[in-house]
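Undergrad: Knowing the structure of chain X, use the given hints to seat chains V and P on it.
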Amino acid sequence: MNLPLDNPIVHLLYQLFNTPGLGGLGVGFIVVACLGSIAGGLYWITRGALDDDPATFAYPTPAFHDHRKGSEPSRK
Amino acid sequence: MLQVDPQDKARLIDPLFKSGPRFWLAVLALGAIVGWGGAMYVRQMLLGLSVTGMNRPDYWGIYIVNFIFMIGISMAGTLIAAALYLTGVNWRRPITRIAEATTVFGLMIAGLQVIIDMGRPDRMLSMLIYGRAQSPLLWDVASLTMYLLISMFALYVSLMPDLGIVRDNLPDRVSGWRRSLYTVLALGWRGNREQWRRLERVILIVSILIIPIGVSLHTVTSWILSTTLQPGWHSTILGPYFVVGAIFSGLALLFIVVTILREVSDLKFYLETRLYRRLGWLFITMSIVWFYFTYTEHLTVFAGQEAAEFPVLASKLWGADAPAFWGMVILMVLAAYLLIFPLLLPERWARARLFRPRFALATAAAAGLVLILARAPQAQAVVAGPTTPNLPTALLSTGVVLVVVVGVSALALLKRHIVAGYIIASAAVLVAMWLERWNMIIPTVTHPRLIPWATYTPSLTEWSLTAASAALFMLMLLVFFKLFPPVSLWEVAEGRVIDEALAKVEIPLPPQSGQARSVR
Amino acid sequence: MPRWAMVIDLDKCVACQGCSIACRQENNTPVVSPEQAALGRAIRWNDVFPMPLNQPETAGEYPNVKLRYITRPCMHCSNPACIKVCPVQATYVDVEGLVRVNYNRCIGCRFCTIACPYGVRYFNWERPSWSPEMARHLNPDSVSEGGSLEGPAVRPKGVVEKCTFCIHRLRKARARAKLEGRPFRADEYVPACVETCTAKARFFGDLGDPESTVSKLAGSGRAFHLEEEAGTRPNVIYLREG
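Line by line, the protein sequences give chains X, V and P. Position 64 (the first sequence) corresponds to 73 in our numbering; numbering is contiguous. Position 351 (the second sequence) corresponds to 730 in our numbering; numbering is contiguous. Position 89 (the third sequence) corresponds to 1176 in our numbering; numbering is contiguous.
Careful, some of the hints might be misleading.
[Stated by the list, open to error] For the chain X half of the interface with chain P, some residues (derived, Cβ under 10 Å), not all of them:
#	residue
1	T28
2	P29
3	G30
4	G32
5	G33
6	G37
7	I39
[As the list claims (entries may be wrong)] To give an idea of the interface, some chain X residues facing chain V are shown, with a C-beta separation under 7 Å as derived from the structure:
#	residue
8	G35
9	F38
10	G50
11	Y52
12	P69
Keep in mind the hints are simulated off the structure, nothing from the lab. Here a beta-carbon is modelled for each residue, glycine too, at the ideal position from N, C-alpha and C.
Only chain X is shown next, with the shape it has when bound in the complex (with noise of 0.2 Å):
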């Protein structure tokens, strides 16, 4: 019966990714990761009142989706 580990890519990949520490590196790349999406999609977000449009909405409504700029009757 052959193991798994006695396959040499496996072995090497064992060994490359077994090492202590590099699972934790791992989780940690996936919450910097996390957090810098989160950050970034933030950002972005608050960086869009930066228009120049006056008219603010307090909930949107499909009409938003036709792009069509001073379609909006009244400001909400």
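TA: Just chains V and P now, kept in the frame of chain X:
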């Protein structure tokens, strides 16, 4: 200055700033339970895990049961909100905030369970400093962290417009810290078109991503069990089984939280009964799928009867874990009955005398009486043969028949009071899913190959910490729904506009072919 | 590098439990109260128990009862199920084939105790304690390499422990050989259980050396492993009763 409909303001914003005695009583009671749990945990830290009921071979007990249970119930929230968002239905709008909040807080409590279970919680950070990629526990840590962070993001992003609305519509006498809370958290939300465009884009991307992340979380949790060699665990079905169980129990929790908010916070205007009917279809589907998976999982073991595997199943069927297993099955059957059968009752029959509440009540009382009599000790027969009439068995059979009649006659009642039926079914499902997690862990760990079989009785510490975790979950939800609107104002308002617009549209008949019968 | 293995001849074993007692004395195994022992929390690195363990009906009917006693240390498997699941590498297999536990790094998650199909791992549910007389006679040996804490070192509560094939004796034997300026021979060290066995039923040595006792006995027709189907390739070889 974002303007809001005065009805929405009265229903959703003003109550945030009015705390009655019921609120503080609830906070006090839940806080007391959490405090008791904290004290028991400190005691556990000082004395070691010997204060639990765990032993050898039963190294994992209800802390791990709670862990898997809490991950399960929290998986469904954001997953359902995201999936329903992608399908574009309108009736999902009032429940998105509740779903996302239960997910975020449920995951936090789930992570707490693992820390409670550790023998050396002071070495918690070792999991990261020395973390090994091969260990399924580390995969679970990674997956849980990812799902928690993205769920928190989803919750926050869909909360931002509401924070803007609350910030601009505060009642007059509001304390300074609360005013600045909303101002700071709103991150300068203005609500112009560009911002809305960007927000909706982000919500779309998060909703798409969160579904595979959510599914992966519970699959990875199941791999903690299925990658070991233990009987009952080394099975490929655990991955999908856990995911199905998670969605099922998560929906049950959602129904319960929605019902509580309906009654306590007077939100019937938003959380209508049609919500129960619509979401109920998914609930019923998951119930059927759950039965399918449970049967499949146990059929192979029952048919194969391997020396190491079968004792685990035997324990569930007629051994020490039989009460947990059959309790789970009975509760699930009850839930499925409460969900499905009222729908099958035709309207015309509902008026029959059989279905009057008085009849159901009278039959229930009779059934109770008969079953009590059946358990009373009977005089032993001198000569007992197969044809000797047996009073206890006759009484038991009559009792069972009467219970069935109660079930049938209660159908009309359930059909009218859909919320009551759903909350009973959801409570049954939650308890049954907790028992299912018990049946997943305890029979296997108590029936190993080369250690004498043992029984497991959770100790006071374990029950206290379970209660404290549940109380902490409820407390976090309570405080969250007191600080922020429980129903998403902007989504509900958008839905209202869409509904009104659709009501005005008259959809024409399709073009006719053949002879017209009447002239329109 | 030697590949350590143990051979246990069940034909000679009388189940006197001398091995278990020697092990607990050698390795500072904590004592638990009778209530804790009733819960099954007693720690026995080397355990002596009857087989069949859990299904007595398979033992046969009187007078043809087929019951035998197994003495079981850690198997020190070549493909251990336990080390794969440890999230912090508190347990690992070294170059000599010993599966080791580092008490300084264990976080007490008990995943390894669950994963082991032989049940050789034990958990410290409370702080280890001994009666005053026993506490005065603890084994002062311990193995500490690069911040780890292994072997007979007194364990804190909340960590996992198991049989180490008396690694402290191995370290001492190697150190003695180095001091005397000669190469280390594999037959210079035996674990406490092997040394104590009253029936001389236990053998220990280097499985990589074809001339060693264990290699020759392992080739016997009576040789078998426990739980062979688990695929863990244990390094404790049993010789069934002849």
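Undergrad: All the hints need checking, so say for each whether the structure fits it.
TA: Checked hints:
1. For the restraint placing T28 (chain X) at the interface with chain P, the shortest Cβ-Cβ distance is roughly 9 Å, inside the 10 Å limit, so the hint holds.
2. Interface restraint check: P29 (chain X) against chain P, minimum CB-CB distance 4 Å, threshold 10 Å, status holds.
3. Evaluation of the G30 (chain X) hint against chain P yields a held restraint, the C-beta minimum of about 9 Å falling below 10 Å.
4. Taken as an interface hint, G32 (chain X) checks out: its beta carbon lies about 7 Å from the nearest beta carbon of chain P, inside 10 Å.
5. Annotation: G33 (chain X) was flagged as interfacial toward chain P, and the flag holds, the nearest CB pair being 9 Å apart, inside 10 Å.
6. With its C-beta approaching chain P no nearer than about 14 Å, G37 (chain X) sits outside the 10 Å limit, and its interface hint is violated.
7. The interface hint given for I39 (chain X) is broken, as the beta carbon of that residue sits about 15 Å from the closest beta carbon of chain P, more than 10 Å.
8. With a least beta-carbon distance of about 6 Å to chain V, the hint placing G35 (chain X) at the interface is held under the 7 Å criterion.
9. Annotation: interface hint on F38 (chain X) violated; nearest CB of chain V at approximately 9 Å, more than 7 Å.
10. Checking G50 (chain X) against chain V by beta carbon gives a least distance of about 5 Å; that is within 7 Å, so the hint holds.
11. Of the supplied interface hints, the one on Y52 (chain X) is violated, with its beta-carbon coming no nearer than about 9 Å to a beta-carbon of chain V, more than 7 Å.
12. Hint on P69 (chain X) holds. Least Cβ distance to chain V is approximately 5 Å, under the 7 Å limit.
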